[in-house]
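> The chain contents come next:
6 protein chains.
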Amino acid sequence: MVYLTRLEHFNAAHKLYNPKWSKEKNEEVFGVCANENWHGHNFELFVTVKGTPDIDTGFLMDVKKLSKIIQTQVIKKLDHKNLNLDVDFLQGKMCSTENLAIGIWNELVAHIPPIVKLHCIKLYETSRIYVEYFGE
Amino acid sequence: MVYLTRLEHFNAAHKLYNPKWSKEKNEEVFGVCANENWHGHNFELFVTVKGTPDIDTGFLMDVKKLSKIIQTQVIKKLDHKNLNLDVDFLQGKMCSTENLAIGIWNELVAHIPPIVKLHCIKLYETSRIYVEYFGE
Amino acid sequence: MVYLTRLEHFNAAHKLYNPKWSKEKNEEVFGVCANENWHGHNFELFVTVKGTPDIDTGFLMDVKKLSKIIQTQVIKKLDHKNLNLDVDFLQGKMCSTENLAIGIWNELVAHIPPIVKLHCIKLYETSRIYVEYFGE
Amino acid sequence: MVYLTRLEHFNAAHKLYNPKWSKEKNEEVFGVCANENWHGHNFELFVTVKGTPDIDTGFLMDVKKLSKIIQTQVIKKLDHKNLNLDVDFLQGKMCSTENLAIGIWNELVAHIPPIVKLHCIKLYETSRIYVEYFGE
Amino acid sequence: MVYLTRLEHFNAAHKLYNPKWSKEKNEEVFGVCANENWHGHNFELFVTVKGTPDIDTGFLMDVKKLSKIIQTQVIKKLDHKNLNLDVDFLQGKMCSTENLAIGIWNELVAHIPPIVKLHCIKLYETSRIYVEYFGE
Amino acid sequence: MVYLTRLEHFNAAHKLYNPKWSKEKNEEVFGVCANENWHGHNFELFVTVKGTPDIDTGFLMDVKKLSKIIQTQVIKKLDHKNLNLDVDFLQGKMCSTENLAIGIWNELVAHIPPIVKLHCIKLYETSRIYVEYFGE
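Residue numbers (my numbering), protein chains in the order written: chain W, 145 to 280; chain H, 145 to 280; chain Z, 145 to 280; chain L, 145 to 280; chain E, 145 to 280; chain S, 145 to 280.
Careful: at least some of the hints might be erroneous.
A pair counts as met if it fits within one copy or between any two copies, since identical chains are not told apart.
To be verified - In silico DSSO-like links for lysine-lysine, alpha-carbon gap of 30 Å or less:
#1 220 / 208
#2 164 / 212
#3 261 / 212
#4 194 / 167
Hints are computed from structural coordinates only; laboratory data are not their basis.
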C-alpha cells in the first residue's frame, strides 16, 4: 500500500454566521469571522489516495488525472467563489473548515478511479490552521 | 544603514470590479476575480524600515513596537474585512494588490518613529503573486 | 471523526547534557548540542485534536480557544525560556525534542475540553527534525 | 511510542519511459515526463522511525546517526544521479516516485538500528506531489 | 513606481560540463554536478516588472497575462527538458543558474508589454541557492 | 552584473541584556528577550555576492566554495553557541539581529574571493523578523 498526495489551491470568501442566531450571538461566538461583509482565505487542499503501483507505469494512478478530477469536481466550484452563497454542496451548512473538508470528500469520492481509494482530505485555512478528514 | 523587516498577516475578501463598467466588461477584464459575491485571500504583509542601530539596544527600533504600529494602523482595518466595502482608505479606488500596497504605505508612513524611515511595503496576495512599493 | 490542527511557536534555549556523565562523555554523545553555554531553537508546535463538528457552529471546537489553551498551558512556560533551567515539567529529564513533546502532551491533555480529544503533538526543532507523540 | 523524522534532500534526473512500449505510447501515457533527454527534480525525503526515548539521552536514537545512515545508504546513491541509469536498486523498475519511495525503504530498513523501527518514507517530487510508504 | 512579481515553476535536467575540458578536469571543477548521465532540479522562477498602476484596473498589468507570457516564452522551452540538449537559447553556453537567469531575461524582455518594464529575474536552483539578474 | 545567494543555518542562544542597565530597565526595554537564563533561535543566513559569470564555468564563483567560506568564517563560530558568551566578534556589543548581521558581514568580507563582491547579509531571527545589511 502506497499513499499519493496532490496539492491544489483555491481562493474564496466566506463568513461564519448562523442564520438561526442573532447578529449579537454570531459576533459573540464567531468574533471577527462573523463580519457580515465577508472575509476570505487562500485555501490549500491536499488530497491523498492509496493503492498499489501498477507494474507498467509505476503509478498508483496518473497524478495529472488526479489533479484534473480535483479541479473539475472541487476547485471549479470553490475557486474565486463565496462559500456561503455560491457553493451548492455547502448550502444549509455552517461554512467552517471542518464542514468544507467533509464536503470536499463527498464531492470527490465517487469520481476517484477504482484502482485507488480516497484516503484523506487535508485542508489549510491559514498556514496555522488545518483540518483532516478520512471519510468516517 | 541596516534594514529591518516584520511580517504580519491578514485575511480579507475583495473583488476586482470597476463600477464605471458593465458587468460584461468587468468579467472580460477581471475574469473570476470579478465574481460579484466576492472571493478572498490570506495576505502576507512585509514592512521594512531602515536606519542605524542604537548603541544601547542594538535595535533600529523595537520590532515589537513596529508590529504594534502595523497592527493598529493597518491590520485592524484590513483583517477579516471586505476590502471594497469596509476599508476607508480604499474607497474610490480599485482593490488591486498594487493599490492596497500603496494604501498601506500611506496609512503607515506618518506613524513610523523618526529614528527610522519606512523603506518598503511588500504584499503577497497568494504565494505566487506579490507587489512591492517604496513610497514613490 | 475530523482532525483539527493549530500551529504555535516558541523560541527557547537548551542543551543536551546528562548531569550523571562527565563533560567528556556528554561531548562524545551529544557533540555541539552539549555546549555548556547553551544553544537554542525556534520550535514549531502543531497540536491536533479530533472529534465531530457541532451542527450550530461547524466547529470541532473554537480554534481560538484551542490556541488560548496552548498559549496558557504550554507556550507561556516555554517561550523565551531555558528548557533545562526554567521549565518545571522538564526537571529531572533530558531536554530532548522527544521528551519535550511528551511533556507538552502531559501539560495539555487535562485542559482540552471534553467535546474533543487530544490526538497528536508534533514538534519541529529545526525545519529538518521533528517528533510526533500520540499519548501512548 | 514516539515518532522521529529527519529530512534529507537529493537532486536527480529521470524520465518516465517503459521500454516495452513504443515512443508514441510512452508519450501518450507519460506526456512531457517521457522526454527522452530526461528532466529532473529536487527531491525531499522524510524518514520516520518510531520507538521509546532512552532515559540517559532522551533520544529515540541520535538523529545525526539517522542522518548519516540515510546519507550512506540512500542519498549517496541518488544525489546528482540519473535514476534510470545510475541507481542499482531501480534497475528493471519504472522510475516513478511510488517505486522510488519503496526502493528507499528497502535500502534503509536493514540499516536502521534495532532500538527503533523504520515507520515511514515520505518523498516529495515537487512541492505539490508526494508519496508515503509504510513498508507494506 | 510599483513592482509586481509572479512565480512560475519548471523541472529540468542538466549537467555542468565544459566540452573544451577533459572528463577529469570537469569532475575536478564541477564535482557531482558533472555526472555525465545528468541530474536535475525543480527550478522556481520569479519574474518582476515595474510600472504605475492603471486607474481603471488598479493593475500594473494583468498578472494572468504576465503568467501566460512567461509560460509561452520561457516555461514551455524549459519545463521537463534537458537544459544542455533541448534549449536553443542555452546552446554554446555553460548551463549554470547564472547563465540560465540571463537567458530567461533575454527571452522575455521583448515580450513584456510596454506599459511596464522588466525589472528582475530571480531563479532558485534549490531552496538554498538562487541567482538574480536585472538586465545589465 | 549577476547576484548569487547562498542560504546557511545556525542554531544559537542569546539574550538581549545591556550590562550598563539594571535588571528592571532591561526587562522594561527588552521584555521576555531579557530572560537571564537565555533563549534561542534557528537563524537563517542568506549571503549574496555579485559579479560577472566566468565563460568557462558559467559561475560567478563556485557556490560550494562560498558555502565553505561561510561555514569556516561564520557558522563554525555561531552554530550551537551562546552569542553573548561564545562569539568573539560580538563581545562588547548588544546581541541584536542588527548587530549580528553587521558582525557577519565584517567576518566574511575579507574572505570573499576578489572575482566577486560581497553584496548583502540577510539574517532571519524568526520566520517573521529579518535584517539586511549591505556593508555601509
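> Identify every previously stated hint that the structure contradicts and give their numbers, smallest first.
none
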